[in-house]
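With chain X fixed as given, assemble chains L, U and R onto it according to the hints.
4 protein chains.
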Amino acid sequence: MELREHAIDAARERELDARAVDRLVFFSDAVIAIIITLMVLEVRLPVLPEHVGEAEVLRAILALWPKYLAVVLSYLVIGLFWTLHHRRFNWVRRVDATLVWLNLLYLLAIACVPFATSLTAEHPGRTSTIVYAGVLGLATMISALLWRHVGRRPEIMASATASREMHLATLMSVASAGVFVVSIGVAFSSSNLAQYFWVLVFFANRAARYAYDWRHAGDRAAPDA
Amino acid sequence: MELREHAIDAARERELDARAVDRLVFFSDAVIAIIITLMVLEVRLPVLPEHVGEAEVLRAILALWPKYLAVVLSYLVIGLFWTLHHRRFNWVRRVDATLVWLNLLYLLAIACVPFATSLTAEHPGRTSTIVYAGVLGLATMISALLWRHVGRRPEIMASATASREMHLATLMSVASAGVFVVSIGVAFSSSNLAQYFWVLVFFANRAARYAYDWRHAGDRAAPDA
Amino acid sequence: MELREHAIDAARERELDARAVDRLVFFSDAVIAIIITLMVLEVRLPVLPEHVGEAEVLRAILALWPKYLAVVLSYLVIGLFWTLHHRRFNWVRRVDATLVWLNLLYLLAIACVPFATSLTAEHPGRTSTIVYAGVLGLATMISALLWRHVGRRPEIMASATASREMHLATLMSVASAGVFVVSIGVAFSSSNLAQYFWVLVFFANRAARYAYDWRHAGDRAAPDA
Amino acid sequence: MELREHAIDAARERELDARAVDRLVFFSDAVIAIIITLMVLEVRLPVLPEHVGEAEVLRAILALWPKYLAVVLSYLVIGLFWTLHHRRFNWVRRVDATLVWLNLLYLLAIACVPFATSLTAEHPGRTSTIVYAGVLGLATMISALLWRHVGRRPEIMASATASREMHLATLMSVASAGVFVVSIGVAFSSSNLAQYFWVLVFFANRAARYAYDWRHAGDRAAPDA
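Residue numbers (our numbering), protein chains in the order written: chain X, 1 to 225; chain L, 1 to 225; chain U, 1 to 225; chain R, 1 to 225.
Wrong hints could be hidden among the right ones.
[Said to hold, decoys possible] Taking lysine to aspartate or glutamate pairs in the DMTMM-like style, the calculated list, with each CA pair at most 25 angstroms apart, reads: (1) R/LYS67 to U/GLU54; (2) R/LYS67 to U/GLU56; (3) X/LYS67 to R/GLU42; (4) X/LYS67 to R/GLU50; (5) L/LYS67 to U/GLU122.
[Unchecked claim] These stretches of chain X come out as covered by chain R in the derived footprint (C-beta under 8 angstroms, 3 or more residues): (6) 96–105; (7) 111–118; (8) 179–190.
It is worth saying that the hints were derived from the structure and are not from the lab.
Ideal placement from N, C-alpha and C gives every residue a C-beta, glycine not left out.
Excised from the complex, chain X in its bound form (with noise of 0.2 angstroms):
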């Protein structure tokens, strides 16, 4: 008796850790779904006087395109850090306090893309190009902390091999970090040339998952979505 009521709080803890997963995953996915489509529909016309001719809308129009090349810049950064946060979490079996914490200070960092990236179109220079690595800087920091996190706590972790992958986030993490902090220094001297500068995240990464990939290339394969 006593041991079947043990069989059944334990079925419902998992079910419970389960449904908390399921929830924190669910409640960033609303919150990064409504910073990338408020940022794009942020994206407005100036108020026109009413009868204008063709050619004022359309210059108007055409007026707007460092607002849009940096909204579709921002897109799919966000894009792609909502992709590897998903993915990620496929590694989470359980939540705790921190990880819930991290995650909020993380979604934070990320609701702060759209003011940089409005600041970077409207006056671009040092100052806005500091601020965007400031924030993008800020939020692979917390990502790093927070898979490091959930890779030292096997408690929390989906599977045996999720330990590696966590620590694989976390490098990746740092490696982006990383670049970025660099990029604010590059920013005194240039700020075009730490704009280009940022392109080396995608290769810090690449580097990381490569290295990553020939050290366990024994092991068996990682799920990915």
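Here is chains L, U and R on its own, set in the frame of chain X:
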């Protein structure tokens, strides 16, 4: 032992696949819900003097009618896109990186509809007609790429009959994209004519579906939601 | 073999049906959550001079009271619509295209409530009263069409008793719509009277429910959430 | 036959109950995600002249610091409310009308936090301090009513131990509400002191939890997420 572990891994992978599809659909639903709702909430009365008469208020409300019309039409257009997106995602069993990114680009295109709608309502004419046709043309083109991608990968489809459905979805998307692209040319002679031209999208889609149904008349019925 | 395949197809179809209902409800929930939240977030203090005194700030906050009142009332109205929508959708087992589109129109009508609310708060009078009654009248009329549609199609209802529930839902919606439509006429003599008239909606709904309960007193209890 | 039908009805009712709880939680999550995200997205640079110098941009960004501080603090406060709401809803097995409406009022109070936050950042002083304390006091009072309601109805709780958890939740909410209400009085002598006074909420909650844990030290551990 080895075998059983494989079976558990396979079951876990199937579950992860199903969750990944659900999340992609959920994320898309959230983004489209935000777009559709904010577009309606945007319709606002201009600021009037505080103790203005009833006649003034009525006139201000009625002056918004081109805005209402444009928003209601765009609401129905996005609603149609949403139902098609939903119904077709029933055929997807697994997501890969290409599908995730094509879907993000699709949502980006849909997120531009409110911009085009507001432009059309405020500055009717050739430019706004071309922008509207361009946005819908882009959305349907990305849609075509998306379903073509799915239709060519048996490993991400839910069943054997799915490849035909995906083929149909691709055809319908291409047909719609074609109408929008041609209407851009039409807009150079008359923007009114171009807007009437869009009605052809309905017929092009119907035609594609009838042709498809006629061709596969002997096959089993397909789920539909 | 043929038979088993049919069984699998039937199971898959049932699963797709359930998912389609869940998604429609989820989408509606998301749209209503956005409407209800943004309506509250819209209540903002007008821009005051930076170093204004405490008395000024307090006066500006208190001056917003018609806005607060209107928003809280509309919040409760939409909240009521949401709970009814939810409870009734428990009786739906499958969705068809008509249901999807009636639901989209229903959401469109609800999305107009914040517009009517802000109009009522800023320009109280006959016009705003008629607009508010018109929006709620429209929402309840679409609701009546929606539940009438469901109630007439046994294949999309969850159980045999559902048709009675749907009949009740239709009656209640028609009763509410009737009150709102009549109140538009009342508004022409007095907008205050028209607003008091809305209280009848509660009684009309209660009356419909009591009449229904009395008629079906011998039947089994209905689920309620 | 009669019996089996009853069993099916009971199973269906349990399923509907679980879905109703899930939807209420989902709806609350969506509303809180919108509130928390829009509050952050609201932080915007004032419109500056187009070709303004780097120093001007930097000064404008730094001038926003009281806004940043207020938003980050409110983000953490709402985050805390959200985690508590979540954890406690694990103990709810069924929803009734009172729970739905108390939850809607709770969300309404939370939706007022951004208003209070922006007021505090823009017009620091007695009035804004009282408004902020009032909003949080209202939210915690509604929370107390909500958990007291659940704790008194065994038929809507998930397990026998839940009533104790609900008792604890009620106590913690009352303790927090008490601190906020008293701080309104403190604000009349000094608004700074009132804000420091809020720190007591943490200690009041800790104290309630420790007292509870000490009293129920011998009982079984409770799930926590």
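Hints, one by one, checked against the model:
no.: 1; hint: R/LYS67 to U/GLU54; in the structure: 19 angstroms, holds
no.: 2; hint: R/LYS67 to U/GLU56; in the structure: 20 angstroms, holds
no.: 3; hint: X/LYS67 to R/GLU42; in the structure: 18 angstroms, holds
no.: 4; hint: X/LYS67 to R/GLU50; in the structure: 14 angstroms, holds
no.: 5; hint: L/LYS67 to U/GLU122; in the structure: 21 angstroms, holds
no.: 6; hint: 96–105; in the structure: holds (count 4)
no.: 7; hint: 111–118; in the structure: holds (count 5)
no.: 8; hint: 179–190; in the structure: violated (count 0)
In summary, the one numbered hint that this structure violates is 8.
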